[in-house]
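Peer 1: Just so we're on the same page, my numbering is the position in the sequence shown counted from 1, plus 11.
Simulated from the structure, these hints should not be mistaken for lab results.
Backbone N, C-alpha and C define an ideal beta-carbon position, used for all residues, glycine too.
There could be a bad hint or two in this list.
[To be verified] Calculated pairs, EDC-like style, for lysine to aspartate or glutamate (alpha carbon to alpha carbon, straight line, at most 20 Å): (1) Lys-212 / Glu-59; (2) Lys-228 / Glu-242; (3) Lys-41 / Asp-69; (4) Lys-228 / Glu-207; (5) Lys-228 / Asp-153; (6) Lys-212 / Asp-268; (7) Lys-212 / Asp-155; (8) Lys-212 / Glu-192; (9) Lys-212 / Glu-195; (10) Lys-212 / Glu-242; (11) Lys-41 / Glu-59; (12) Lys-41 / Glu-54; (13) Lys-41 / Glu-28; (14) Lys-212 / Glu-182; (15) Lys-212 / Asp-69; (16) Lys-228 / Asp-155; (17) Lys-212 / Asp-153.
[Said to hold, decoys possible] Each pair of labels, with its calculated beta carbon distance range: (18) Arg-86 / Ala-159: 53 to 59 Å; (19) Arg-167 / Glu-54: 44 to 50 Å; (20) Leu-18 / Arg-199: 30 to 36 Å.
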Amino acid sequence: MIDPAPLPRWKCLVAYEGTAFSGWQAQPDKNAIQDHIERRLAELLQTEVRIHGSGRTDAGVHARGQVFHFDGAWRHGAERLLAALRGGLPPSIQVRTAEVVAPEFHARFSAVGKIYHYHLVHGEWADPFAHATTWSVPRRLDVDAMRAAAAALRGRHDFRAFSAFGGEERENTVRTLARLELIEEGARLRVEAEAEGFLYKMVRSLVGALVHAGQRKLGPERIAALLAARERTPEVETAPPHGLFLMRVRYPAPWDDAEGGR
C-alpha cells in the first residue's frame, strides 16, 4: 500500500488585539487565539486542524507578528485562504499572510529570534483610545536611570531572576538580550526587546525592573547582583500584560520576512 502524500505545510502571520481573549494557547473556555483560528480552519477544511505557534502569549497580550503553521489540504491558493480566514474570525484577529513552506519548517523550533515592544505612559494616564494597549504609570519616571538599567541588562546573562518560574527547576535560563532600548515620545515610552528567545514573562519582568529603575528603586549595581543571585525578588515587578506586543518572530532564510515589524 502506498502512503498518501503529506499535506502541504502552511506558514501564517497573524496579528491580534488580545484584550478579549484567553491568551494564545488553547484553553478550556475555547476563547484563546488558537481556539478561534482552529475552529475557522476546521470549517474551511472540513476536518480537525491543529496549529502550532511560535510561542505562547498570555491573556491580554497583543501581537503584530505572531507566526503559526498547520498542515492542510487547501487547494484554492493563499489569497482565498486569507479571505476565508478573515471573513470568519473576530475582527481583532487578522491573519496577515499565508504561504506554503517546506515540511521541515516549524513555527516554534525554526525560530531564531523574537522582538517585543512594550508601551507605557508616565506622569499621566493613557488616553481612552490607547488605555487597552498601554500601561499608565501616574508618576513621572527618570528615563536616564531606566536607560542605565537597560544597559546593565543587555548581553548574555542568566535571566532566572527576571522570569516567572516560581522556584522550580527548568531548562537553561541563560539568554542573550541583543537589544533593550527605550524610545521616548513625550510622556510615551516604548521598550524594545530582542533576543534569540525569552523566558516565561521575561519581557514583562524586564519592563517592571526598568520602571522600578525609573522610580529610583533599582540601580544598575543591584540589577547586576540580581542577575548573579538568580533569585526572583519583589524588586522585579511583572508589568501588566496589556502593554506588550509580539512584533516579529525571526527565522533563517528563506522563511524570514519583515512583515511583523521591528
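Peer 1: Give a verdict on every hint.
Peer 2: Cross-check of the supplied hints:
For a cut-off of 20 Å, the pair hint linking Lys-212 to Glu-59 is broken: about 31 Å separates their Cα positions. Between Lys-228 and Glu-242, the direct Cα distance comes to roughly 18 Å. Compliance with the 20 Å bound is thereby established for this hinted pair. Taking the CA atoms of Lys-41 and Asp-69, the gap is about 15 Å. The hint holds against a cut of 20 Å. About 29 Å separates the Cα atoms of Lys-228 and Glu-207, which puts this hinted pair outside 20 Å; it is violated.
Distance restraint check for Lys-228 and Asp-153: the Cα-Cα separation of roughly 11 Å lies within the 20 Å cut-off, and the hinted pair is therefore satisfied. Using a Cα cut-off of 20 Å, the hinted pair Lys-212 and Asp-268 is violated, with the two alpha carbons roughly 25 Å apart. For the proposed pair Lys-212 and Asp-155, the alpha carbon gap of about 24 Å is over 20 Å, so the pair is violated. A C-alpha spacing of about 18 Å is found between Lys-212 and Glu-192, which places the hinted pair at or below 20 Å, so the restraint holds.
Taken as a hint, the Lys-212 and Glu-195 pair is broken in the structure, with Cα atoms around 23 Å apart against an allowance of 20 Å. At most 20 Å may separate the alpha-carbon atoms for a hinted pair to count; Lys-212 and Glu-242 meet this at roughly 15 Å. Of the supplied pair hints, the one linking Lys-41 and Glu-59 holds, its CA atoms being roughly 15 Å apart against a limit of 20 Å. Distance hint between Lys-41 and Glu-54 is fulfilled; the C-alpha atoms sit about 16 Å from each other, no more than 20 Å.
For the hint pairing Lys-41 with Glu-28, the CA-to-CA distance comes to about 17 Å; that is within 20 Å, so the pair holds. Among the hinted pairs, Lys-212 with Glu-182 is consistent with the structure: their alpha-carbon atoms are about 15 Å apart, no more than 20 Å. Between Lys-212 and Asp-69, the direct Cα distance comes to roughly 9 Å. Compliance with the 20 Å bound is thereby established for this hinted pair. The suggested pairing of Lys-228 with Asp-155 holds, with an alpha-carbon distance near 14 Å, which does not exceed 20 Å.
Restraint check for Lys-212 and Asp-153: the C-alpha separation of about 24 Å exceeds 20 Å, so the hint is violated. The hint said 53 to 59 Å for the Cβ distance between Arg-86 and Ala-159, and at roughly 56 Å that hint holds. Between Arg-167 and Glu-54 the Cβ separation comes to about 46 Å, which falls inside the hinted range of 44 to 50 Å. Checked against the hint of 30 to 36 Å, the C-beta distance between Leu-18 and Arg-199 comes to roughly 45 Å, which is inconsistent with it.
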